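Trainee: The listed protein sequences derive, respectively, from chains R and V.
In this text, residue positions in the first sequence follow numbering that gives the first Met the number 0: the first is 0, and each later residue adds one.
In this text, residue positions in the second sequence follow numbering that gives the first Met the number 0: the first is 0, and each later residue adds one.
Check the hints yourself; a few may be wrong.
To be verified - Straight line, CA to CA, 30 Å or less: simulated DSSO-like cross-link-like pairs of lysine-lysine:
#1 V:LYS46 - R:LYS57
#2 R:LYS187 - V:LYS46
#3 V:LYS142 - V:LYS46
#4 R:LYS57 - V:LYS382
#5 V:LYS382 - R:LYS187
#6 V:LYS35 - R:LYS187
#7 R:LYS187 - V:LYS144
As the list claims (entries may be wrong) - Label pairs and their in silico Cβ distance ranges:
#8 V:THR331 - R:LEU332: 46 to 52 Å
#9 V:LEU90 - R:LEU332: 30 to 36 Å
#10 R:PRO87 - V:ASN342: 54 to 60 Å
#11 V:GLY285 - R:PRO87: 51 to 57 Å
#12 V:GLU78 - R:ASN182: 36 to 42 Å
#13 R:LEU164 - V:THR177: 31 to 37 Å
#14 V:THR331 - R:ILE169: 25 to 31 Å
#15 R:ASN182 - V:GLY89: 48 to 54 Å
#16 R:ALA42 - V:GLU262: 52 to 58 Å
#17 R:LEU206 - V:SER241: 22 to 28 Å
To be verified - Output of the computed footprint for chain V on chain R, the stretches with three or more beta carbons under 8 Å from beta carbons of chain V:
#18 50-59
#19 92-101
Quick caveat, the hints were computed from the structure, so don't treat them as lab data.
None of these values were measured; they are calculated from a predicted model.
For each residue, glycine too, the CB sits at the ideal point set by N, CA and C.
Below are the chains, spelled out letter by letter.
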Amino acid sequence: MNGQLRKLPLTGLLLLLVLAFLLDISAGAVRIPLHDIFRILLAPSPGDDSSWSFIIEKIRLPKAITAVLAGCGLSVGGLQMQTLFRNPLADPGVLGITAGASLGVAAVLLSGGSMATIYAIKELSSPGSWLIAGAACIGAGGVMLLVLVLSGRLRDNVLMLIIGLMIGSITLALISIWQYFSNPEEVKDFLLWTFGSLGGVTGRQLLILGVTVLTGLVAAFLSSKMLDALLLGENYARSMGLTVRRARTIIVCTTSLLAGSITAFCGPIGFIGIAVPHLARLFFNTSSHRVLVPACCLIGTILLLLCDCISQWPGTQSVLPINIITSLVGAPLVILLLVRKRDLNVNAYR
Amino acid sequence: MVRNNRGHGLLSFFASLLLLAGGCRQRAAEYAPGRKINPRISVRYAKGFTIDYYEGYRDVSIFDRKAGRTDTLHYLLVEKGVDPPVNRPGLPVIVTPVERMAVISSMHIAMAEFAGVADRITGLGSIQYVNSPIVRAGIRAGKVKQVGIDAGINNEAVIAMHPGVLIVMSNPGTGGGTYKTLTDAGIPVLPDADWLETTPLGRAEWVKLVAALVDRDETVETKFDSLARSYRRLADIGSHASPKPSVITDMPFKGTWYVPAGESFMAQFLRDAGADYHWSDTKGTGSLALGFEAVAPVALTADVWINLGNVDSKADVAAKDNRFSSLHAFQTGALYNYNRRVNDLGSNDYWESGSMHPDLILADLIRILHPGLLPGDSLYYYKQLK
Numbered sequence: 000m001n002g003q004l005r006k007l008p009l010t011g012l013l014l015l016l017v018l019a020f021l022l023d024i025s026a027g028a029v030r031i032p033l034h035d036i037f038r039i040l041l042a043p044s045p046g047d048d049s050s051w052s053f054i055i056e057k058i059r060l061p062k063a064i065t066a067v068l069a070g071c072g073l074s075v076g077g078l079q080m081q082t083l084f085r086n087p088l089a090d091p092g093v094l095g096i097t098a099g100a101s102l103g104v105a106a107v108l109l110s111g112g113s114m115a116t117i118y119a120i121k122e123l124s125s126p127g128s129w130l131i132a133g134a135a136c137i138g139a140g141g142v143m144l145l146v147l148v149l150s151g152r153l154r155d156n157v158l159m160l161i162i163g164l165m166i167g168s169i170t171l172a173l174i175s176i177w178q179y180f181s182n183p184e185e186v187k188d189f190l191l192w193t194f195g196s197l198g199g200v201t202g203r204q205l206l207i208l209g210v211t212v213l214t215g216l217v218a219a220f221l222s223s224k225m226l227d228a229l230l231l232g233e234n235y236a237r238s239m240g241l242t243v244r245r246a247r248t249i250i251v252c253t254t255s256l257l258a259g260s261i262t263a264f265c266g267p268i269g270f271i272g273i274a275v276p277h278l279a280r281l282f283f284n285t286s287s288h289r290v291l292v293p294a295c296c297l298i299g300t301i302l303l304l305l306c307d308c309i310s311q312w313p314g315t316q317s318v319l320p321i322n323i324i325t326s327l328v329g330a331p332l333v334i335l336l337l338v339r340k341r342d343l344n345v346n347a348y349r
Numbered sequence: 000m001v002r003n004n005r006g007h008g009l010l011s012f013f014a015s016l017l018l019l020a021g022g023c024r025q026r027a028a029e030y031a032p033g034r035k036i037n038p039r040i041s042v043r044y045a046k047g048f049t050i051d052y053y054e055g056y057r058d059v060s061i062f063d064r065k066a067g068r069t070d071t072l073h074y075l076l077v078e079k080g081v082d083p084p085v086n087r088p089g090l091p092v093i094v095t096p097v098e099r100m101a102v103i104s105s106m107h108i109a110m111a112e113f114a115g116v117a118d119r120i121t122g123l124g125s126i127q128y129v130n131s132p133i134v135r136a137g138i139r140a141g142k143v144k145q146v147g148i149d150a151g152i153n154n155e156a157v158i159a160m161h162p163g164v165l166i167v168m169s170n171p172g173t174g175g176g177t178y179k180t181l182t183d184a185g186i187p188v189l190p191d192a193d194w195l196e197t198t199p200l201g202r203a204e205w206v207k208l209v210a211a212l213v214d215r216d217e218t219v220e221t222k223f224d225s226l227a228r229s230y231r232r233l234a235d236i237g238s239h240a241s242p243k244p245s246v247i248t249d250m251p252f253k254g255t256w257y258v259p260a261g262e263s264f265m266a267q268f269l270r271d272a273g274a275d276y277h278w279s280d281t282k283g284t285g286s287l288a289l290g291f292e293a294v295a296p297v298a299l300t301a302d303v304w305i306n307l308g309n310v311d312s313k314a315d316v317a318a319k320d321n322r323f324s325s326l327h328a329f330q331t332g333a334l335y336n337y338n339r340r341v342n343d344l345g346s347n348d349y350w351e352s353g354s355m356h357p358d359l360i361l362a363d364l365i366r367i368l369h370p371g372l373l374p375g376d377s378l379y380y381y382k383q384l385k
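Just chain V, with the same shape it has in the complex:
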């Protein structure tokens, strides 16, 4: 069982005492179930979570979307000083506002940065790859410690740190078996499934979950709304542009070419940027594992090749596989990689701040695919491989 809060054990101890005394007074009247109140914010793009507001606490529902929104995880975000509602027993409780949090992925750093609470991060999955100046300063000062990832998570380090919450990358359907030691120790483990979203805005909207944890719901919503407006304005320009250049993405390795499936957020980016993407109508939210040959007819004639991976020049691309030099995009030089903002540690900001700035990524893609359509031509995350 997940222990609700630290007071719970003591509470039940006294409750049993009262019971032993023969009274029925253990049903303490002051724990009236919170009244539902008007939502302070709304979740518009993300499909994986909702927040319901009650007096004194929030109820966060996280859906296992593969199970068709039936299988739901609940987390109670209870305000500091307020007792957890008695009518929701057994649910994990997170005391808000969270003062210290441990997070796993760079996406979480970006979300904390967006919500203005990057300084509250005390634990990181890996401290090797970080871009946020605040978090890097924290690492240098010894305030931010490494806690490990997935099965490699260092339980003792997390328990010693005792953060208000540990945010992990997880599929809500897989259960919390990996983290049982931590939940038993009273550390709430919150799964973040932003990566299952099918749109860039849907992914970024998970920031509202972090906002709720630190009680900044409205401020972050305002900031997110302006981001969403800016994204939609760009998408309106991009998706109506013509002609639409054909695009291929990623690079095959050992004969397998992973390309974004039609319902993935990358495919959505390409549609919004006005690209002709061959696999736009396929099913699936992840990527398709295709053979080199299946992609070759498309790749040979594609106008632009983006997201090439761990390469920095045309020579690097040819060194991976000399056949790439036969591709039309290679010959015309239309190779654009997302590694303009790689820092001195080798950490790529595209994966960090990029996940919270889909508008900047979209603007880059529109500038790549439709030069001259947007004012200015400087790219933010992308660069042309020479």
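Same shape as in the complex, but just chain R:
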């Protein structure tokens, strides 16, 4: 690929990104004129109609920023997993990290007093947003450690993939037990969490999410060369002087950081992680991760921002959970693009 051709979609996507961000800021249940939005964004003055500035500054802006972070993180995490396992169906949750985060959240939301220790946690502090995020981090981290320990004993990435799926399966079974013995209200809270949400991350939480996701993204970009080598097969990678096991550890850690932190704050957001890498390969027609990592960031962000706009369609008072929209709107879009392209760039994985 030469750079000239690549610039075309890049400029287009950058433009689209800005448009999507503005659209997301201006879409919502409350109609706020565009010039007022700009006024509030550029010069927030205390004399404003306080409900408008509250909506823009405290609801829409954090939500849009969260969408950007989650869109980047999940797409890049998915790309890394697809490359590591050379499997087009892999996503950031494939190693059970998302399920681990869910287990952590289930422990907090679903205890129903059945476990004395959990009850004590509830007594200490009602399950505030920090507690949920913290529990999700512990759950995701625990599964990641388990995966890493097991990965040290394995040579083959495919075995790794299967073990990841098995761990995810065990974790989900544990959650089901909890759900089974919980009150309907608790199950409903947990269910809402699994629907995913971009709206609950503000203030310091947004800062933490931003720092972790950016760290993960930088790490992913720096390991581009490693990922390129892995694409050609583990033996080839070894012949290039790559320590496969070390590369695997780095990639697993990066993806865990991305998927774990995003799931902790936003809940499990599906689809983006699996679809965006395909779109990135399609648009940029390359398998070089130096291009694909930023491309995934761009496309993932645009897609998630647009999905968020749709989830709060103007004129409706309700907001649909983001997970519903990503699948309902995103999947047909990907099907359409792939059908037009007719064949998947199979070489990208093997």
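Given the structure of chain R, go ahead and fit chain V onto it with the hints provided.
Mentor: Below, chain V alone, put in the same frame as chain R:
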């Protein structure tokens, strides 16, 4: 098919014998259909059920209100020692007065308590969250056992217990598929749809169904009438009070803010308490799932915030989401939660006895919204979050 009563199988066995003998005498004359008699009580507020009285039995109709009162479930409450009427074949039969009952929700405990028969509860959906001292004593003594809820119901435990009736929380329209094993085993399963009622008194009036089960119709009606009088008197004071402070309820979770719909009993509470409730004119008997942003303009300026959920202090509220501290009601400290009566098990009596004491809840709400309007200022179910 639902088996009517335990004698039925034997009866049909003999009936077939008689038939085989060539006679037509199986139409036993002594099973004359009961004569309709004057109603012993009337149902005034609840829309989901009626009771018709016949000699020797009651006919309870439970309506699927979504189907417009056309789809009706019938239960025959037949007095002990009286044979079920032959002209109503195939209907589930409950022998009254019920001596032992299994119930699912805390609302049912409250109804039994109100009717003075809490000691007849032998099975509970979950024995974790109970307030009634009688039932708690029963649990300690091992007399009250856990039977599970909905699909998780422990059929074997219920069958072994063999209660006179199992009262479940159910929508009458969804049918009894979940409970087929139990009805096949001869345990009548009675759906309680009090939660579909649109007024607090309508919900509480379902207690008359429990009263009919234990043959205390008149006593409970008298008690309920006095409750209704007390509620209406308070509602008269509350709904005429002015100015009406604006109110928001509940707390959003993950961007979704569930608020009571206009036809729900909570909205009725707010109207009766003299609140200015933004969604009072909306359709629906449940709750509206709104986005944070859709509620924000109302929430920012609301005078009072009630029913906040699982929080015990202002710090808890801010820990849920720091944006809540921007709300007017948060800044003025007008946060009132329904958790004054949470016991050592973490069980909230608001959900239990509160459902049978709408007058106390209404009095709390009026005292919160219109201080000084009622004599005294102590709250019963609610407390201010500090």
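Trainee: Against the structure shown, which of the earlier numbered hints fail to hold, in ascending order?
Mentor: 1, 3, 6, 9, 11, 14, 15, 16, 17 and 19
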